[in-house]
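There are 2 protein chains.
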Amino acid sequence: MFAVKEGALPHLIELLLPDTLPHSMSGPLEFDIIHQCGESKARLGVVRTLHGSFETPAFMPVGTAGTVKGLTPDQVRSTGSEIILNNAYHLLLRPGDEAIARHGGVHEFMRWDGPILTDSGGYQAYSMADINAVDEDGVTFRSFIDGAMIHLGPERSIEIQNNLGADIIMAFDDCPPSVDPSTLNESRRRLAEKRMGPFKKGYDHAKRLAEAHDRTVRWLDRCMDAHARTDEQALFGIVQGGIDLDLRRASVEAICSVDLPGYAIGGVAVGEGPELIRTVVEFTAPLLPEEKPRYLMGVGYERDIVAAVRAGVDMFDCVLPTRNGRNGQAFTQSGRLHMRNAKFADDGAEIEPGCDCPACSGGFSRAYLRHLFAAGEMLGPTLLSMHNIRHFQRLMLDIRRSIRENDWSLLLGAWPVLRCDGSDREG
Amino acid sequence: MFAVKEGALPHLIELLLPDTLPHSMSGPLEFDIIHQCGESKARLGVVRTLHGSFETPAFMPVGTAGTVKGLTPDQVRSTGSEIILNNAYHLLLRPGDEAIARHGGVHEFMRWDGPILTDSGGYQAYSMADINAVDEDGVTFRSFIDGAMIHLGPERSIEIQNNLGADIIMAFDDCPPSVDPSTLNESRRRLAEKRMGPFKKGYDHAKRLAEAHDRTVRWLDRCMDAHARTDEQALFGIVQGGIDLDLRRASVEAICSVDLPGYAIGGVAVGEGPELIRTVVEFTAPLLPEEKPRYLMGVGYERDIVAAVRAGVDMFDCVLPTRNGRNGQAFTQSGRLHMRNAKFADDGAEIEPGCDCPACSGGFSRAYLRHLFAAGEMLGPTLLSMHNIRHFQRLMLDIRRSIRENDWSLLLGAWPVLRCDGSDREG
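Top line first, the protein sequences correspond to chains R and U.
Counting from 0, one number per residue, gives the positions in the first sequence under numbering that gives the first Met the number 0.
Counting from 0, one number per residue, gives the positions in the second sequence under numbering that gives the first Met the number 0.
Treat the hints as calculated values from the structure; they're not laboratory data.
Be aware that a few hints might be false.
Looking from chain R toward chain U, a few residues come up when the C-beta cut is under 10 Å (computed) [what the hints assert, rightly or not]:
id	residue
1	73
2	104
3	107
4	344
Pairwise CB distance ranges, derived in the manner of DEER restraints [as the list claims (entries may be wrong)]:
id	chain 1	residue 1	chain 2	residue 2	range
5	U	230	R	127	56 to 62 Å
6	U	339	R	142	16 to 22 Å
7	U	322	R	142	27 to 33 Å
Non-contacting residues of chain R with respect to chain U, defined by C-beta distances greater than 12 Å in every case (computed) [unchecked claim]:
id	residue
8	146
9	148
10	198
11	199
12	228
13	244
14	286
15	382
Note that CB positions come from ideal geometry on N, CA and C, so glycine has one too.
Construct all of the structure, not just a fragment, from the sequences and the given hints.
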């Protein structure tokens, strides 16, 4: 179904480099840097897990509730995705982590035999639920399914992730707003509140950040103590600190003083603008241990990913390709297209001519996509999700080629969307 | 993705029988009877069209709006389906038959390169829309999309179907209720009204049937005159007559006096019970020309299909596998299962152990299906639609084997659902 087109970078790393040939693993995760870019802090690498390896920089599609929405695992593979992300929060609430454990873990449950990463559930508990209490033991929130009160803390989060059995699991951290709400304009404030819940009167941002920092460090110890499957699952720590660079540095020092298989940058893209995302990532990524994979959580648009890769980030996840795909929005190298737009009614071209995704290479036209979305047909979201995930995987292929060749000019030439200044060209 | 299991009948007809080898077509459709069952009126055959051939008896999944809901064409093929059905009524309203013609026809539009059959749009115009007028020129109804008044008559129906470009197209017929509403009990009457619209006071069923009969014969002539693509598209006539066997015989005589590439039995399974369906089909099918394919429209459950095949029917279509699949209902050889049922929450078995559909052979468990339906995930309808279509294709494989071997005992042994007496065993 998926054919690599001429010009796209073939997956040759494993064939070309003897030191990356399969061998028995010495732990739950191994990371080799294959090539260090001569022109930026970007690196080309490979991560190995017990469920297979993936090339870095890597993009992980999001399979929230144990399914990348609308796609079979075969269809996810056909986009070139090598690792996916599941949300512990959703799987905890339904069908429950113990039910999944009884089925042999989430790989077996959803029939994805490649690497999986689960988040800790903390971010969703903060951002999606009515929070009744946050204290030193964690978060108590109301289930959106049956109204039951659920407690999530470091021990329970790790227990859930042990039950799910993903290859990479995340520390349970305290997630404060990244930006002082009093400094936000109205629209950004609304966005931040939508994601993080309403800000209380008398909220002291500096105090909240400091508290979250200290607590996240204490919780990391508790996560490590609770982790019962250290031979099979790699626990990543998460650096917080919002947009306060001193606090980011302190967080890196505290979190990275614990020897872990990988580290993540959290609390980014939670309401602040693209310039601040970039500033924080460019400051923080190079501080993380060089020999460990670096994961930037929940980011993002194409230019955010490229900037982060150039700062030394190795792993990304984002709901954009699937969420926007379900809403009829197509990512292309020149910007986004709204497939519901009437102007596509007679457009016989593929979503993006030259794209090698299953939808474009399968010959489905913009007119057909527009019809499917107009008629509310499930196949629209399915085809567009495949296209959009493949879009991000093609970006990663071209990024990896740029690193290997120490030349980013081809990337900028082939991806006009990277040259847009914050406002994507939309169709 | 789809592997034929041991015991399933391979598609060997084309290999074994020299007279079915590909050759240039003498018209839009050819039909060869390969084997006549020695124990019933059933026949094994092959229909050839310009978009390829399909074995008969054949089951056609329904792709109403130019998509078998939730499935890519590859996924439809993976169920073993060789021909699909599209609804002219839906495609006329959206995106419009002319728009599809501009895209090269419905095969190209939906990227299904195998045989396609379109219905005339008449049945849906009668059953789904507010009918404002039925007269000698056709039906005028209100579009459910934009409220526009639409006229559909023999000429326009054929024009639409010429524009869509399916391999088999259907005559535009007058569709009266098949049963006198005054003889129906309350629940069947409601069902019939739901399908055919409310019955008017003073409704004279015998008169309405006679009128529809005469009109359908007149309209067939007009359809033939309007048909502009006789070299590419085979026009089938439709026999009506409700449950009045004399009228059925008269309809057969009138319709089949016109030389057409195939004939259909219409007005069945529109509110009457399974016994009446069987009576009408067993009476009507053998009256149709032996050397032409016989198509029973909109039927049905497994036992209805087997009874009709034994009466000499060659083609079937039904929304059951996809519609019920979207609602969480799985067809199995022993009856239907409701995948939302809590009892499946810890059931690690496939939907139907031994089934070779993409969902069962892919190892997706009942517990996972139950989770997907509970969480409202699109993948549930997708997997269950594939299973259910494959269920009907497996039935057709076993039916064709029974015909070839003149032995139906194996079929009845392997398909307990065929022995159920009207009330399927449900999970």
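Exercise for the section: Beyond 12 Å from every chain U Cβ: check whether that's true for residue 244/R. Expected result: With a cut-off of 12 Å, residue 244/R remains clear of chain U, as the shortest Cβ separation is near 40 Å.
Problem - chain U versus residue 228/R - minimum CB to CB distance exceeding 12 Å, so not interface - result: holds, 21 Å
Problem - CB-CB spacing for residue 142/R and residue 339/U relative to the 16 to 22 Å hint - result: holds, 19 Å
Practice task
Taking the shortest Cβ-to-Cβ distance between residue 382/R and chain U, state whether it exceeds 12 Å.
Solution key: violated, 7 Å
Practice task
With a cut-off of 10 Å on the beta carbons, see whether residue 344/R makes it to chain U.
Solution key: Since the shortest Cβ distance to chain U is 6 Å, the answer is holds.
Handout entry: Hint status (Cβ of residue 104/R to nearest Cβ of chain U, threshold 10 Å)
Key = Residue 104/R check fails; min Cβ-Cβ to chain U is 12 Å, beyond 10 Å.
Problem - Nearest-CB test (12 Å) between chain U and residue 146/R - result: Holds: least Cβ distance 16 Å, greater than 12 Å.
Handout entry: Hint check: 10 Å Cβ-Cβ cutoff, residue 73/R to chain U
Key = Where the cut-off is 10 Å and the nearest Cβ of chain U is about 6 Å from residue 73/R, the hint holds.
Practice task
Let me know if the C-beta of residue 107/R comes in closer than 10 Å to any C-beta of chain U, holds or violated.
Solution key: holds, 8 Å
Exercise for the section: Could you check that no beta carbon of chain U comes within 12 Å of the beta carbon of residue 148/R? Expected result: holds, 20 Å
Exercise for the section: Could you check the hint for me, namely that residue 230/U and residue 127/R are 56 to 62 Å apart, CB to CB? Expected result: With a Cβ separation near 60 Å, residue 230/U and residue 127/R satisfy 56 to 62 Å, so the hint holds.
Exercise for the section: Decide, holds or violated, for the assertion that all CB atoms of chain U are farther than 12 Å from the CB of residue 286/R. Expected result: holds, 39 Å
Violation of the numbered hints given earlier is confined to hints 2, 15; the remaining hints are satisfied by the structure.
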